[in-house]
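Visitor: Sequence:
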Amino acid sequence: MDMEEFLRSKFRGTAVGAALGAAMGKAVAEIPADAVMDYYGKPISGFVKSHPSSPYDFLKPEEVPAEVELFKLALESLIEAKTFDPHYFAAKLIKWLDEAKFHRYVNPTLLNVLRALKEGEPPEEVYYRSASELQNHHGGMVQVGDYIYFGHGHN
Numbered sequence: 221m222d223m224e225e226f227l228r229s230k231f232r233g234t235a236v237g238a239a240l241g242a243a244m245g246k247a248v249a250e251i252p253a254d255a256v257m258d259y260y261g262k263p264i265s266g267f268v269k270s271h272p273s274s275p276y277d278f279l280k281p282e283e284v285p286a287e288v289e290l291f292k293l294a295l296e297s298l299i300e301a302k303t304f305d306p307h308y309f310a311a312k313l314i315k316w317l318d319e320a321k322f323h324r325y326v327n328p329t330l331l332n333v334l335r336a337l338k339e340g341e342p343p344e345e346v347y348y349r350s351a352s353e354l355q356n357h358h359g360g361m362v363q364v365g366d367y368i369y370f371g372h373g374h375n
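Going by my numbering, the first residue of the sequence shown is number 221, and it counts up by one from there.
These are calculated hints, taken from the structure and not from any lab test.
Treat the hints with caution; some may be incorrect.
Stated by the list, open to error - The calculated lysine-lysine pairs, modelled on DSS-like cross-linking and capped at a C-alpha distance of 25 Å, are:
no., residue 1, residue 2
1, Lys230, Lys292
2, Lys269, Lys292
3, Lys338, Lys315
4, Lys315, Lys292
5, Lys315, Lys302
6, Lys292, Lys280
7, Lys312, Lys302
8, Lys302, Lys292
Said to hold, decoys possible - Listed next, with one range per pair, are the computed distances between beta-carbon atoms:
no., residue 1, residue 2, range
9, Asp366, Glu319, 20 to 30 Å
10, Glu225, Ala255, 24 to 34 Å
11, Lys280, Asp366, 36 to 46 Å
12, Gly340, Gly266, 22 to 32 Å
Beta carbons are placed, not taken as given, at the ideal position from N, Cα and C, and that holds for glycine.
Take the sequences, apply the hints, and build the full model.
Guide: Shown next as structure tokens:
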């Protein structure tokens with residue numbers, strides 16, 4: 221196996237692993253380990269009905285959350301553009317927003333940004349901090365007056 225084929229196999233494995241991990245992990249997303257054990261009686265090891273407190277409890281065991289759809293769009297964008305082109309990727313996301321009848325628990329901030337881009341609002345980076353300075357794991361923010369409030373760290 222040459223290096224290119226080797227790297228392709230690693231890339232495919234990463235993509236499949238991420239999709240499977242999300243599809244299986246959605247059942248217990250945001251659920252403490254003790255609650256998982258109480259509900260299932262053991263760690264999950266396949267596609268199971270979601271815990272009632274999971275934000276994905278409306279999905280069937282074999283359905284994937286929106287993050288998998290977004291990951292697929294990112295991969296398609298990389299392949300089609302042969303590089304990461306944020307404008308091309310944003311156009312794919314806006315098309316997805318328009319075509320999807322149902323968005324499976326996507327952070328509402330993303331949906332609002334895509335709607336604003338679709339309406340012609342120009343993207344603008346107004347503030348940046350590195351991950352070592354600031355971690356806003358889920359990206360939710362709210363502005364009250366002149367202040368912006370958001371979480372810091374991982375859950």
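Visitor: Are the hints correct? Go through all of them and say.
Guide: Verification of the supplied hints:
{"no.": "1", "hint": "Lys230 <-> Lys292", "result": "holds, 16 Å"}
{"no.": "2", "hint": "Lys269 <-> Lys292", "result": "holds, 23 Å"}
{"no.": "3", "hint": "Lys338 <-> Lys315", "result": "holds, 9 Å"}
{"no.": "4", "hint": "Lys315 <-> Lys292", "result": "holds, 14 Å"}
{"no.": "5", "hint": "Lys315 <-> Lys302", "result": "holds, 19 Å"}
{"no.": "6", "hint": "Lys292 <-> Lys280", "result": "holds, 20 Å"}
{"no.": "7", "hint": "Lys312 <-> Lys302", "result": "holds, 15 Å"}
{"no.": "8", "hint": "Lys302 <-> Lys292", "result": "holds, 15 Å"}
{"no.": "9", "hint": "Asp366 <-> Glu319: 20 to 30 Å", "result": "violated, 38 Å"}
{"no.": "10", "hint": "Glu225 <-> Ala255: 24 to 34 Å", "result": "violated, 43 Å"}
{"no.": "11", "hint": "Lys280 <-> Asp366: 36 to 46 Å", "result": "holds, 45 Å"}
{"no.": "12", "hint": "Gly340 <-> Gly266: 22 to 32 Å", "result": "violated, 45 Å"}
This entry does not satisfy hints 9, 10, 12, going by the numbered hints stated previously.
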